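Chemist: Below, each chain spelled out in residue letters.
There are 2 protein chains.
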Amino acid sequence: MIYSIATVCLSGTFRERIEAIAKAGFRGIEIFESDLITHNGSVKEIRRMLDDHGLEVVTYQPFRDFEGLPAPYRQKAFDRAERKFDLMEALGTDLLMVCSNTSPHALGGIQRAADDFHELGERASKRNMRIAYEALAWGKYVYDYRDSWEIVRRANHDAVGLCLDTFHIFSRQTELDTMLNIPGDRIFLVQVADAPSLSMDHLSWSRHYRCFPGQGDLPIDHFVANMHATGYDGPFSLEIFNDQFRAGSAEKTARDGYRSLVFANHAAEKTPDEDATSIPVVSPPRDIEFIEFALNDTEKKSLTKLLSQLGFSHAATHKKKHVELWRQGNINLVMNMEPDSFAQNFHQHHGVSVCAVGMTCDNVKDMVERAKKLEFTPVYGNPNTDTHGIPAIYGPGESLLYMVDGSEKPAHWEREFQWHSDVEAQAFLNKVDHIALSMSYEEMLHSVLVFRSMFSMRTMPTVNVTDPGGLIRSQALQTPDRGVSFTLNSSQASRTVSSRILDQYAGTGVNHIALSTKDIFATAAFMDAQQTTTLPATVNYYDDLAARFDLSDETIAKLKRFNILYDEDENGSFYQLYTTLFAGRFCFEIVQRNGYTGFGAANSQMRLAMQAGEMAK
Amino acid sequence: MIYSIATVCLSGTFRERIEAIAKAGFRGIEIFESDLITHNGSVKEIRRMLDDHGLEVVTYQPFRDFEGLPAPYRQKAFDRAERKFDLMEALGTDLLMVCSNTSPHALGGIQRAADDFHELGERASKRNMRIAYEALAWGKYVYDYRDSWEIVRRANHDAVGLCLDTFHIFSRQTELDTMLNIPGDRIFLVQVADAPSLSMDHLSWSRHYRCFPGQGDLPIDHFVANMHATGYDGPFSLEIFNDQFRAGSAEKTARDGYRSLVFANHAAEKTPDEDATSIPVVSPPRDIEFIEFALNDTEKKSLTKLLSQLGFSHAATHKKKHVELWRQGNINLVMNMEPDSFAQNFHQHHGVSVCAVGMTCDNVKDMVERAKKLEFTPVYGNPNTDTHGIPAIYGPGESLLYMVDGSEKPAHWEREFQWHSDVEAQAFLNKVDHIALSMSYEEMLHSVLVFRSMFSMRTMPTVNVTDPGGLIRSQALQTPDRGVSFTLNSSQASRTVSSRILDQYAGTGVNHIALSTKDIFATAAFMDAQQTTTLPATVNYYDDLAARFDLSDETIAKLKRFNILYDEDENGSFYQLYTTLFAGRFCFEIVQRNGYTGFGAANSQMRLAMQAGEMAK
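Protein sequences appear in the order of chains A and B.
Just so we're aligned: 483 in UniProt numbering is position 483 of the first sequence, and the numbers increase by one with no gaps anywhere.
Just so we're aligned: 269 in UniProt numbering is position 269 of the second sequence, and the numbers increase by one with no gaps anywhere.
Please note: incorrect hints may appear among the correct ones.
No copy is singled out in the list; a pair is fine if it fits within one copy or between any two copies.
[What the hints assert, rightly or not] Here are the computed lysine to any residue pairs in the SDA-like style, where the Cα-Cα straight-line distance is at most 25 Å:
1. 126 - 52
2. 44 - 539
3. 23 - 612
4. 431 - 313
5. 321 - 408
6. 365 - 407
7. 560 - 539
8. 84 - 157
9. 140 - 198
10. 252 - 493
11. 140 - 172
12. 300 - 347
13. 617 - 41
Just so you know, these hints were derived from the structure itself, not from any lab.
Treat the numbers as computed from the prediction; the structure is a model and nothing was measured.
Just chain A, with the same shape it has in the complex (with noise of 0.2 Å):
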């Protein structure tokens, strides 16, 4: 199988665009007409470049409103076809993606379509070129690969032979069982896109908003394992038009677009070559094992003083390095401040930040070798200051993401401690209950392929949220048993929280660290005992509390009287309780969950008004 990519993903001259996919891992490419017109150089240059970058040319595309015309609109199609096959030629590829026909012009008809296309193979074989068929969703007659599939099978050529888009597939809702009946040898190009699930008209849908497989919500895995079971190994190609991507790098995009499809042909259940290329199927990690801070020895005390508020203790301190370990329950909170060491050189780029996360997982072994197949480089730290040889690959922001041995008790960086025998912990707090973090669109759709590949995670439904600033969008991600999750913010509006935390950090950073606790009002009296300062909301939100859920004034009294957030869904209510921001970016929020399976939000508009209210000041 060949991984491929249309030139239409990225962004950037022709030139650049080449570049960008060779280097990504591809071995084959889709030329558009456009690639071409906007080229400042000769077809034979552009073969030269493609050879010189060990890049075959899959298919050339796309060749619109070709069948179903009546005279003298058919012969005119035909005339143009033949013109196309002679740019083919110089650029040295054999097939030509012809998309169902969208013009007012054309007429309907299976039996006159598959005449016109066995004209055409009968015109194609003649210079040894091929020809495959798509049903675009918005064709005028044809836009379900069943008609396609017909029309192909009775054109009854060895020349023409079928294209299947996931993207226009799933965006008519057709059922995949069909697929079933073509034989692989009869698909000729099998062409992958995801997308969010949006309701709008196909075409501005699948212009805009198209994304990798694993960045969207169809279930390319479904059409993937159907894919397999045909026998198809022909190109395997990814045709994706995003707004973000356009404009993006063109570098970082080719990456994690060859990382989606090797994602995608080995995320189905049934994976047929069990060769070189299969990959580890990994378990999902269980729960955040800990949490570094990259900071100072400044800013080291402000942190602990806030960590000291909410109950946190210095639990143990490493024994070669200048680095500390804060806990309470399950949580572990570290502080790097060592010298020359990775998170002092994030620090130095992005100022008091979360610099790595620390994931429980099995099967680290596995796990590595699985990043590997999706082109992460796993890094182990550096060598000479890293002593626990945890294995990582960077995720949000460049940040870490650190695969931690759970089989192991104690873990072995915990074995890299001194540990104070005299601390009790007082666990209020017992777990990361997830993760908030500020990112770009582009990032974030980034990070979305991120978690889902690597650390077999789920996204739920994207929400909007309303900032005094703009929209800001919210997308969470959890493991299958909710034991990891982290939810990622993007805004285009430059004033939004999301936006200034961005500025803040001069890059994607953490926005809020939740924890967990299984009594908020204890937990929020200790705090408040200790004058920690909390957002605070205001005195109609809970009045509208109130008229919204069923609850005493009593407990309407305690929530006002500690700054305690409440919600309710069909399983359950939770609680959210906020500091205020930790040098202008980051905060803690402390949770209960009873039931409950979002992350609170209804409450988001009221809290992003107190934050912004504070970033004023």
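We have chain A; now place chain B onto it with these hints.
Modeler: Just chain B now, with coordinates in the frame of chain A:
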């Protein structure tokens, strides 16, 4: 008629929004549930703040999921309503806006809903409150104003009336004739929103893409004419959910909102109240009379060299100021180097740029009156340095749009110049075809309103153009006889040609000035003889032209020889030739139209690829 706006239209804190709303001239305001929740102050304090700003709360909204509920939900809904009445009492408003039920618990049936509203009317009237019922486009059973009207009619209660919202009506493409049967005093609230023509689900369209009347594609005029015909004279209110407005300047958005209401209220053919609030109807401008550049002496030297190469002559010199006039055919280019002028102040902020455009108008006095009614502030230049006395309003990027009296020949401003009788105009070029501007999307919405409300321009469908750095959205506007045309370009991607030009100017600026010729080949030959550098097109572009159009090899060769681009539409052919960028920001485009009515969108991708290449050098 009281002009009103919903707080959700604007960005910022509740207080900031109230200030912006009052400042823009509104007397009415709609208060949203979320305003209260996020505002850290009591309802009493809010009421005082509104009073201080002279704002009347025309409605509190929305009250959701009320009608058609079975027990026990029905009783709870009435309980909720009573709580809202309490709140409204404190807030000082008597109108509760109820939108049609979207809850899965809701039951259908016109009579059932009517009974519920009758009961709600009873409760409301006991407290001196009233109810306005609105059919949401995505209501479960009620999504058509004809049904909500039938429910209100059958509810048969003085305290229950109708709320009409243009968005919900147009998005369902409901006919407007039924409106004419509704007595004006049975309508309690009119909400007006425009939107671009998009096909997506009603909810997403409504929540993100609404815009002010005059900024979108909905036939607001028709609605307003019918509204006046009913005799309605209650609140005329804006309820606009728009991502850009939510992120932009509250003050600027509020001002545009107020302007859009005045425009919408008077754009309808029949406006009954021809009183103090009526605004003069004016003719569209005839053509571009002049374009004024702000530049320094060095830049002037380079620009006049380029103008000479295009066949322009130095026709006149200002009698008192450091200003020159260059002319060809009916094109007047003014170069303003006068110290302490508006031009030089503009130059200080934006560098070499177009600081003003003069349009030939009929009845300038009425236009000035109209401008004032639309809350533009007419300016006449600095009385110490400007002698021409031509009125202007601020247009895109705070450049000036002059309204030149077309009845005087020579124009008043021409008499300020000393004419060089020895100059013979070359007249290859005869007229300004259009002016293309780069701006932010927010500014684009603002500019559309300026051009439509003041200069009777019409919008053409928005086009998306692919740039190597991302997508560019392009919106053309022109007067009905096409005498004056502008194209507005905006891009959310930072590396597009459009965005880079924006950077160069530090704001909105001219992208290109298109000048029309009757003989593109003669003009091109002249320019070539003058060694004018033109933007190249690719070899592949001309190969593709040959495949797309019936052009002789000779014509193709001639086009190629001079870098001329070509396009056709159903009305005729179009030729385009671009100079390279001047000062990295604008260029001249030479066009020949043989019936063609577009702006060469088919060639934009090629042109942008070439300009991006030029910028990268």
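Chemist: Does each hint hold? Answer for all of them.
Modeler: Hint-by-hint comparison with the structure:
In the homo-oligomer, the alpha carbons of residue 126 and residue 52 never lie at most 25 Å apart, since the shortest distance is 29 Å inside one protomer and 84 Å across protomers. Taking the shortest Cα distances, residue 44 and residue 539 sit within 25 Å of each other only across copies (12 Å), while inside one copy they are farther apart (72 Å). In the homo-oligomer, the alpha carbons of residue 23 and residue 612 lie at most 25 Å apart only across protomers (23 Å), although the nearest pairing inside one protomer, at 42 Å, exceeds that limit. For the identical chains of this complex, residue 431 and residue 313 are intra-copy neighbours only, at 15 Å inside a copy versus 78 Å across copies, given an alpha-carbon limit of 25 Å.
Within a single copy, residue 321 and residue 408 get their C-alpha atoms as close as 22 Å, which meets the 25 Å cut-off; across copies the closest is 85 Å, which misses it. In this homomeric assembly, residue 365 and residue 407 come within 25 Å of each other (Cα to Cα) only inside a single copy, at 12 Å, whereas the closest approach across copies is 85 Å. Proximity of residue 560 and residue 539 under a CA criterion of 25 Å is satisfied intra-copy only: 8 Å inside one chain copy versus 71 Å between copies. In this assembly of identical chains, residue 84 and residue 157 lie within 25 Å of each other by CA distance solely inside one copy; the values are 20 Å within and 71 Å between copies.
With identical chains, the CA atoms of residue 140 and residue 198 are at most 25 Å apart both within one copy (22 Å) and between copies (19 Å). Taking the shortest Cα distances, residue 252 and residue 493 sit within 25 Å of each other both inside one copy (23 Å) and across copies (16 Å). With identical chains, the CA atoms of residue 140 and residue 172 are at most 25 Å apart both within one copy (14 Å) and between copies (24 Å). For the identical chains of this complex, residue 300 and residue 347 are intra-copy neighbours only, at 12 Å inside a copy versus 49 Å across copies, given an alpha-carbon limit of 25 Å.
In this homomeric assembly, residue 617 and residue 41 come within 25 Å of each other (Cα to Cα) only across copies, at 17 Å, whereas the closest approach inside a single copy is 56 Å.
When the structure is compared with the earlier hints, a violation turns up for hint 1 alone.
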